[in-house]
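All chains, full assembly: derive it from the sequences and hints.
Taken in order, these protein sequences are the chains called B and U. Using numbering that gives the first Met the number 0, you'd call the opening residue of the first sequence number 0 and step up by one each time. Using numbering that gives the first Met the number 0, you'd call the opening residue of the second sequence number 0 and step up by one each time.
None of these hints come from the bench; they were simulated from the model. Just so it is clear, the structure is predicted and the values come from calculations on it, not from any experiment. Each hint can be trusted.
What follows is a set of in silico ranges between Cβ atoms, one per label pair, in the way DEER data are often shown:
# : chain 1 : residue 1 : chain 2 : residue 2 : range
1 : U       : R98       : B       : A109      : 56 to 62 angstroms
2 : B       : L64       : U       : W164      : 22 to 28 angstroms
3 : B       : A109      : U       : R99       : 52 to 58 angstroms
4 : U       : G65       : B       : N65       : 25 to 31 angstroms
We treat Cβ as the ideally placed atom computed from N, Cα and C, and that holds for glycine.
In case you want the letters, here they are:
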Amino acid sequence: MTNLQTLCLVGGMCVVTFGIRYVLLPFSGRIRLSPQVQRALGYVPPAVLTAIIVPMSLMPGGQGLNLSLHNSYLVGALATVLIGWIGKNLLITIVGGMSVFLAWQWVLSAGVL
Amino acid sequence: MQSRKAEFFKGARDTLPLIIGAIPFGIIFGTLSAGAGLSIAGTMGMSLFVFAGSSQFIAMGMVAAGTAWPMIVLTTFVVNFRHLLYTATLLPYLQKLPRRWQALLAFGLTDETFVISVGRWCQGDDSPHKRWYQLGSMVFMYSNWNLCTAVGIVAGQMLKGIGGWGLDFAMVAAFIGMVLPYLKDRPNYCAVLVAGVSSLVFHGLPHQLGLIVAALLGVAGGVLADGLLASKPVRAVKEQGE
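Structure, rendered in structure tokens:
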């Protein structure tokens with residue numbers, strides 16, 4: 000990429016991202032959200048996050064479904080869910096899940112399975 | 000009542016677990032630049048001015064694949080479109096703020112800061128300083144993200160194979176940790192289930208459109224379940240669950 004192309008890329012991404020995050024605010028005085036819409040928006044965080052997590056875990060690398068034990072993303076994700084379910088502590092969930100993932104990758108690379 | 004400073008640091012502290020999750024993710028983003036063909040300035044510039052982790056990753060992958068920049072910007076638009084829903088969710092709270100505050104908080108409205116600060120805004124107390132909570136979360140995320148990007152750029156020059164370590168799993172772990180607290184009633188289970196299944200079904204759509212489609216279907220699933228459950232007598236719902 001040339002310097003100019005890089006500048007266009009970063010500038011374009013910046014404008015687009017900030018624009019999306021900001022655009023509703025100047026009009027917010029005129030926007031009235033009904034209680035139904037507000038309740039619907041409550042489902043936004045879990046729905047969006049899940050839509051990001053699931054393909055990353057079940058289709059790592061963007062290839063087809065990989066539901067085997069050789070998929071350390073899947074094993075790590077299941078372990079993270081389990082740890083989070085039992086522990087109910089965000090920090091332990093993230094660190095624990097990451098540890099299981101790295102340990103499983105090591106197991107796979109050592110050729111144990 | 001909490002002071003501004005107390006709110007700021009509370010916001011930063013509550014974001015700490017997610018920061019831990021973002022550290023490997025930020026580092027790996029920096030390391031990828033070496034192999035992808037994006038200059039150090041371009042890589043750092045993305046973290047400084049775009050500040051949207053998953054879209055930065057996708058952009059990096061597209062740069063590596065030789066995609067033209069307008070296509071990458073278009074994809075960024077689609078991938079980050081979910082943030083419009085975030086602003087919409089926070090609208091009742093942010094609309095009372097001065098324009099400058101709105102712009103500042105909008106710039107830092109990442110997945111992590113949104114999920115953490117929406118919890119604070121929704122709390123019943125009428126503290127006038129809740130904005131400082133969100134600012135604390137966002138400043139902490141931003142400094143960490145840029146520091147990690149810089150560390151990653153240096154690490155990428157030194158450790159050539161670091162891209163293959165799978166450190167991007169940290170994002171999956173952090174996001175799972177963020178979803179779990181929502182799984183407290185059936186509509187939320189339904190939203191997650193629908194979003195998850197449709198994210199696989201629509202994964203093949205161009206420009207990562209599948210993410211938006213799956214998210215919207217997930218929200219629809221939650222609303223639908225909410226409506227169905229509300230129309231039944233409470234006892235019937237309870238009996239089903241036991």
